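Protein sequences appear in the order of chains A and B.
Okay, so the first sequence: first residue is -15 according to this note's numbering, each after it adds one.
Okay, so the second sequence: first residue is -13 according to this note's numbering, each after it adds one.
What the hints contain is simulated information worked out from the structure, not anything from laboratory work.
Everything numeric in this text was worked out from a predicted model, so none of it was measured.
Note that the Cβ used here is the ideal one computed from N, Cα and C, for glycine as well.
Hints may contain errors.
Said to hold, decoys possible - Distance ranges between label pairs, derived from CB positions:
(1) A:234 to B:104: 34 to 42 Å
(2) A:4 to B:142: 37 to 45 Å
(3) B:193 to A:236: 48 to 56 Å
Read off the chains here:
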Amino acid sequence: MQASIVTTAPAPHRFWLVAALGAALVALGLGAAHYMEVEGHVVTGMNNHVVWGLPHVFAIFLIVAASGVLNVASIGSVFGKAVYKARAPLSGLLCLAMLAGGLMVLMLDLGRPDRMIVAATHYNVTSVFAWNVLLYSGMAAIVAVYLWTLMERRMNRYSKKAGLAAFIWRLVLTTGTGSIFAFLVARQAYGSALLAPMFIVMSFAWGLAVFLLAQAAVYAWNGMTVPAHASRRMTRLLGVFVAATLYLVAAHHLTNLYFARQFDFERFVLVEGGLYPLLFWAGYVAVGSVLPLLLIYGGDAARPRNPVIASALVVVGAFCALYVFIIGGQAFPLELFPDATTRSTFLDGQVAPYAPSLPELLLGIGGVAAAFLITVIGVHVLDFLPHDASPESGATDDGG
Amino acid sequence: MSEHQRIDSPPATQAREAVRAGTSRRALLGAGAAGLAGVLLAPGIRLIEIAAAQGARAAGEPASSKVRWGMLIDTTRCASDCNQCVTACNTENGLSGGTSPTDSQWIRKVEIRHRDTGRTSSAPVMCQHCANPPCVDVCPTGASFKRADGIVLVDRHTCIGCRYCVMACPYKARSFVHEPLTAQKPDVPRGKGCVEGCTMCVQRVDRGLQPACADACPEQAILFGNLNDPDSAISRRIREIATTRIREDLRLDTGVRYHGI
Chain A
-15 MQASIVTTAP APHRFWLVAA LGAALVALGL GAAHYMEVEG HVVTGMNNHV VWGLPHVFAI
45 FLIVAASGVL NVASIGSVFG KAVYKARAPL SGLLCLAMLA GGLMVLMLDL GRPDRMIVAA
105 THYNVTSVFA WNVLLYSGMA AIVAVYLWTL MERRMNRYSK KAGLAAFIWR LVLTTGTGSI
165 FAFLVARQAY GSALLAPMFI VMSFAWGLAV FLLAQAAVYA WNGMTVPAHA SRRMTRLLGV
225 FVAATLYLVA AHHLTNLYFA RQFDFERFVL VEGGLYPLLF WAGYVAVGSV LPLLLIYGGD
285 AARPRNPVIA SALVVVGAFC ALYVFIIGGQ AFPLELFPDA TTRSTFLDGQ VAPYAPSLPE
345 LLLGIGGVAA AFLITVIGVH VLDFLPHDAS PESGATDDGG
Chain B
-13 MSEHQRIDSP PATQAREAVR AGTSRRALLG AGAAGLAGVL LAPGIRLIEI AAAQGARAAG
47 EPASSKVRWG MLIDTTRCAS DCNQCVTACN TENGLSGGTS PTDSQWIRKV EIRHRDTGRT
107 SSAPVMCQHC ANPPCVDVCP TGASFKRADG IVLVDRHTCI GCRYCVMACP YKARSFVHEP
167 LTAQKPDVPR GKGCVEGCTM CVQRVDRGLQ PACADACPEQ AILFGNLNDP DSAISRRIRE
227 IATTRIREDL RLDTGVRYHG I
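Extracted from the complex, chain B is given alone in its bound form (with noise of 0.2 Å):
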């Protein structure tokens, strides 16, 4: 203790003087602490705060036209052995999996080899989303539809299995549940006799994460983001490099597009 603080320190003012150091103390474990939670929980708050901005919204509030949210999926980082994206989506939503004909696979991995070039690429292909979805147009009872924020999805209660939204999709990117179904997902809603499809993880999505084959890829290959804010990196990433729709002759305003297909 120096000279001035024994003179000019009354006991209050010591007293005082502690706390103000013990609080310095705190404050700067504080600090660390924070900084140290920063570090490991930086990325997860950051995709939170991403999302946020890109329109996910609060339990309750309606999805809104002011976001469409796409993928721009860069199949010169797309490697033919790698299907992490397919095995994080089948865990993700509950699908077992299994490859046979009567199976549901919501995302798969198509090997691409041009006729004329032989120059091959690897794509992950799922549900389009559509702005103007030929399953939309076709069913019957308006099972399947189209949230405001552009993700196409199948309403499972007024689905009555008709199969012409699979007959109708240009994607081969719809199922039909065919068999009774076990251990679902508590939100990711099936059934047996029903038409489903990649929903873009919409339930990951609403709580402000991006959809699980886009979080899974090694390679960042698959951006998510919302087309319509022209800030966003899926839409900069999008002026910046040349970018295609599978079947892009058909107009149909897919959400999903690709790089070096």
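For reference, chain A alone in the conformation it holds in the complex (with noise of 0.2 Å):
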């Protein structure tokens, strides 16, 4: 039985005036990527050491959080929670906006973007990045076909099988999208098998925090508010997730600090890099994980803001980290000697400059503008608003 829902419905107005924000941000991020294409990365910050910059950072986010927000489909359809089988439809939109929005900033700064065909036509069953592509195609269909047997009533029968499919998916994804860096030999950053499961508790913990920033974003535009049972419990499943997070990425810094060979970049990264330990320890560590912790456990449960206020910071975090793992793995400089120092005109044993340009920046944001305008889309004609049981018929519930 569903409680009955009453929502003040927004002026059509307001729907289209997001909506150009939304497209006018894409066109932002497609022209960036026009000027960079014509022009050569030259006009990035990136160069041939850093050869991963901020378009990356925000791609791997959007991947990540892709993946983690089907999270919450799956704990209602594999896990059956009735406070999360009821946010499922959402759930599954948003995995593909930022899936799509995801893909949309990965594809664009390539070199030769114009060879998406070839992408598509040549396949190497050795890299990873080929397998993602499938991985990522595959999600897409998987989490449509979900979307179908959750929306469409007939089909509804099918939503458990087609959950638990896509949950399995989505695990396998994220390992695809740590293996991209677990698989690269050489990097001192990078080349280790903890990075899979990293980057799986990693989804988990953003992927909520962009669903319950979606979820109150969706309830506030429709005159409402997350139902506190709902919001409660799913604000501590994020702590549980941020905790689980930051434990991983202390297991992954700890193992490094045993090996005296990873010394030098363990170093870099927590003291001496500069802008890297500080988003390290402020963005990541305390703005990104101790402080949603403490508001989430701490702070005041019952104040409606707190939930939200989490969630962004561990979006700020997610960001943070990202930057470091990604743009400090490569500033670091790859040892090819290693009981020597180097030197040459390749910055051979010297720290690599990267400084993000604003065509990168754009790129980034238009990507979440992408999934921000698929979202609005979304919800504006289908009916992805969560419809919540009441708390009492839901007492079976224990919130994941």
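Both chains come to you apart, so use the hints to assemble them.
Structure below.
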């Protein structure tokens, strides 16, 4: 039985205004990508030493969070939690939207984005990137089918199976994303089997944070507030995921600290690397992890703003963590001669420079805007608003 | 003319003698010219002979796995203030020679100072042409590939510019073309938005020449040849002296070896 929901329908012009804003940002991102393609990547901050820059921070955040945001649906369909099941359609929509946004950034940052057809027709089976092409397109297809089973009444009976397939696929997908780095044999920052599970747990936290933000916006858009019991349970789950992420990140660094060959890298990224330690400790650890945990467990949980603030902080922390991981990991000099200091015209032995440029930022924001636009249109034309059962009828739900 | 010739040499015979004498003179002149040409051209011809013996191929003939091209770089002969291999590479392949972080550098001189001993050396570092190249493994489209003769290349037609190979290469051997290019060399295709690196001067090797860096080194510190031929100069040298590979721990079976680092 569903509780009756009284909504304040938003004025139509508000939708068009918001959609136009999203479209304008997408257009700016596309313009930036076109500029980068015509002029070459020399107009970005990327170079031959930091070859993946800010666009990759945005793209990987969007893709990792896309897989994580689907967890809400999985907890509902696979594990039968009513609070989450009511939110499964929104979770699926966000997954598709963020996947599209992330892939848009990733593809448009290519040196030859005009060769998309080459990427689709030439397939190297040993490449983790190539695996990910299949994983991303498969994810989109499975989630689309899953959404169909959720939203088409006649297909509802298949939703649990579709949800299970999507859950398994999303775990494989995030494993694939983590493996992009885990399989890099020579770089000190990467090349660890821990990265795959770490990315999965990161996706749990970052995806749920994005979901909570989107949920709050959708409810506010309809003049509603998120039911307290749902908010409380989901926010506490966010706390568990944030803590688990912090644990795996700590395990990764502690493992490195135990290996003498990794001392220099850890010293760089945690202490002496300038911006990178600052972003790691202040951005990821303090603002993106400890503060949200304090808000979730130590603050006044009843305050409706706390989940939103905590989620926003987790997203800020995610960007900081990825910036350190992706860009800091490349900025640290690749070690060709482990027992020697080196120098060359190609920056051997030197920290590589990187300063993000406006086109990169606009492309990244364009990807976020694409995800935003898809979500806004989806929520506007279809019924993605969570329909909660009354708290009493959901008594069996322990909130995951 | 002798009496005998006078007596026994009818006009026809005399004519034959004259022809023979002329032939001898021409033969003599020809032999002299050939000798002179030999002196002048021998190094080049010799190189072609060496290369042909080591597996250089005719146009249209596919590369053969019977050959594995490699290099032995003797850093004990490599002066830190010498950059001639780098200059030769740039000239041969049409690179600008710029050293900004966005400029392509297919080969660079790395100055090495060992932390414990303080010993220094200078080594040219380029694509190491691994037998198990990480760049080939990670390339999503197969644009990074290894030829049958061990030379690792990038197919400029299928490279999408994802730069994953740059991330994967343990030797910083790859560059990404950040700007539009002009005045390219016809036999060295390059392109904005694609990744590139040392080709071991494949355009020269296929013609039976050695790579430009090896050719230019004033100390002959770069020895190029067929690692699969036990009698090649490089194979013999590798048997004789201690050599090592950069990041040997990765077991990538590089085609480039070093002595003295």
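Hint says 37 to 45 Å; check whether the CB-CB distance for residue 4 of chain A and residue 142 of chain B agrees. 41 Å, holds
Just tell me: holds or violated, for the beta carbon distance of residue 234 of chain A and residue 104 of chain B against 34 to 42 Å? 37 Å, holds
Using the Cβ atoms, figure out if residue 193 of chain B sits within 48 to 56 Å of residue 236 of chain A. Check passed, 50 Å falls within 48 to 56 Å.
The earlier numbered hints are all upheld by this structure, with none contradicted.
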